[in-house]
Each structure stands twice: as structure tokens, then as C-alpha cells.
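A.B. asks: If you read the sequences in order, they're chains A and B. Under the numbering used here, the first residue of the first sequence is numbered 1, with each subsequent residue one higher. Under the numbering used here, the first residue of the second sequence is numbered 1, with each subsequent residue one higher.
To be clear, the hints were calculated from the coordinates, so they are not data collected in a lab. Glycine included, every Cβ here is placed at the ideal spot set by N, Cα and C. Heads up, some of the hints might be wrong.
Claimed, not checked - Calculated pairs, BS3-like style, for lysine-lysine (alpha carbon to alpha carbon, straight line, at most 27 Å): (1) A:K83 - B:K55; (2) B:K78 - B:K55; (3) B:K73 - A:K42; (4) A:K42 - A:K57; (5) B:K70 - A:K42; (6) B:K73 - A:K57; (7) A:K78 - A:K57.
Claimed, not checked - Each pair of labels, with its calculated beta carbon distance range: (8) A:S27 - B:T60: 25 to 31 Å; (9) B:P114 - A:N52: 48 to 54 Å; (10) B:Y54 - A:G96: 16 to 22 Å; (11) A:T13 - B:Q56: 47 to 53 Å; (12) A:Q64 - B:A71: 38 to 44 Å; (13) B:P41 - A:M15: 25 to 31 Å; (14) B:M11 - A:Q11: 39 to 45 Å.
What the hints assert, rightly or not - Going by beta-carbon spacing under 7 Å, a handful of chain A positions derived as facing chain B: (15) F45; (16) S48; (17) I60; (18) D63; (19) T101; (20) F104.
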Amino acid sequence: EPEVTQTPSHQVTQMGQEVILRCVPISNHLYFYWYRQILGQKVEFLVSFYNNEISEKSEIFDDQFSVERPDGSNFTLKIRSTKLEDSAMYFCASSGTDQETQYFGPGTRLLVL
Amino acid sequence: AQTVTQSQPEMSVQEAETVTLSCTYDTSESDYYLFWYKQPPSRQMILVIRQEAYKQQNATENRFSVNFQKAAKSFSLKISDSQLGDAAMYFCAYRGNAGNMLTFGGGTRLMVKP
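Same shape as in the complex, but just chain A (with noise of 0.2 Å):
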């Protein structure tokens, strides 16, 4: 059954770094998304991304976040210069053309120090 992968599962940096998550979705999907969880707390909505372009952010996307897709398969969220409140559970997810159900990445674990 196909799913989603991230790499890596988990990341140390050090505050002000620039770190790049990455996820390959679900090869026929065209909806993507970046979910992040802060230990303890709800798993809190960042971005979507469809045809090239983000559709949909929250207030936490602020400028130091970034989504590409820079080939067919990947789909990458860059933090430019990582606060210590970065560090968190961050999650990517996929859905198809009926955009209803999202299908979850195993995610990818951000200490920022």
C-alpha cells in the first residue's frame, strides 16, 4: 500500500540554523501538507500546497518557513533560522484529487538547541 515517507526521523540543530524536512507523498496525490506538534500539545495545521503554490497557511507559517517541490516527488519544508521553539514533531501529509482524506507521513523529529 502506498505512503508517505519523511526523512529524517529526527534532526538536531542548533538555534539559527537552516534546516530542510523533506517528504515524498503518495505518488498520485496532488495535495500536500506540513503539520507540525509540539511535544504534549495538538498537532497544529502550517501549510497546503497544490499546483505549485501554497493554497492555504496559518499564523505560525511565517516568513521564516518555506515549501517547495522542487521535482516530481519530493516536497520539502524549509525553516530558515531555527528558534528553540521550532523544535517539534513536524508531519507531512498527502490527499488525492478529492482533497477529503489526508494521509499521514511518519514524521520527522526537530530538536533545535
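Given the coordinates of chain A, work out where chain B should sit on it, guided by the hints.
C.D. replies: Below, chain B without anything else, positioned relative to chain A:
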């Protein structure tokens, strides 16, 4: 803005018994989708079941079923014949018809006792 509330931070159930997890939501929309996701210790979010608001019939997936009460804005998950592998965090989520974002509840940690 839509909100999703899960009032039970923790629940426990005996193996083979039935448990119901509660979820309420607030919305002014008439068309929307509701989901239950399971998050085991591995942290991956796994879709358990979904319900379209326009459908009156409650969704069922094997041992998992929902009780969708649209007027009450309630969407509970019933797990029958609970198994040890059902132990996880369970998140209720809402998706409106206008956008794609999922709004999640705070989660319920389910423990299954052998």
C-alpha cells in the same frame, strides 16, 4: 474559527471490551468532514475512520464505528473488542468544505489492559 474538543485526556479499557472516545466540535458550516486518527508510540498518524457530514449513516470500519450527532456537533469513536494494539493517542479532526486544513482536538490517550 472551528474548534475541536476532546474532553477525555485518558481512557482505559480491558482487552476485548468496548470503549467510546468523545469528540465535540464547533462550526458554522453545514458541509464538512470528520476524522479519527490514531497515533501509536511510533508517532505516525494513522487514519482510523472518516465521516462526511452530509451522510446520516454512521461510518464503520471493522471494530471501529462512530456515533455522529450533527445537531449536537458530536462525533464519538467506539472501539469494540479492544486489542492491545489499540493502545495509542486518538485524535479527532475536522475539515471544512472551504479549505483543506485539518483542525485537531487535543487527543485522548487510550490504554488497553490485558
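A.B. asks: Does each hint fit the structure? Answer for all of them.
C.D. replies: To see whether the hints hold, each was checked on the structure:
1. A:K83 - B:K55: violated, 44 Å
2. B:K78 - B:K55: holds, 18 Å
3. B:K73 - A:K42: Holds: B:K73 and A:K42 sit about 20 Å apart, inside 27 Å.
4. A:K42 - A:K57: holds, 17 Å
5. B:K70 - A:K42: holds, 24 Å
6. B:K73 - A:K57: Distance of about 26 Å is within 27 Å: holds.
7. A:K78 - A:K57: Between A:K78 and A:K57 the Cα gap is close to 14 Å, so the pair holds against 27 Å.
8. A:S27 - B:T60: 25 to 31 Å: holds, 29 Å
9. B:P114 - A:N52: 48 to 54 Å: holds, 50 Å
10. B:Y54 - A:G96: 16 to 22 Å: Check passed, 19 Å falls within 16 to 22 Å.
11. A:T13 - B:Q56: 47 to 53 Å: Taking Cβ atoms as reference, A:T13 and B:Q56 lie about 49 Å apart, which means the hint holds.
12. A:Q64 - B:A71: 38 to 44 Å: holds, 42 Å
13. B:P41 - A:M15: 25 to 31 Å: holds, 28 Å
14. B:M11 - A:Q11: 39 to 45 Å: Since B:M11 and A:Q11 have Cβ atoms about 33 Å apart, the given range 39 to 45 Å is violated.
15. F45: A:F45 check passes; min Cβ-Cβ to chain B is 4 Å, inside 7 Å.
16. S48: holds, 5 Å
17. I60: With Cβ-Cβ at 11 Å, over 7 Å, it is violated.
18. D63: violated, 20 Å
19. T101: Given a least distance of 6 Å, the restraint on A:T101 holds.
20. F104: holds, 4 Å
Of the numbered hints given earlier, the model fails hints 1, 14, 17, 18; all others are met.
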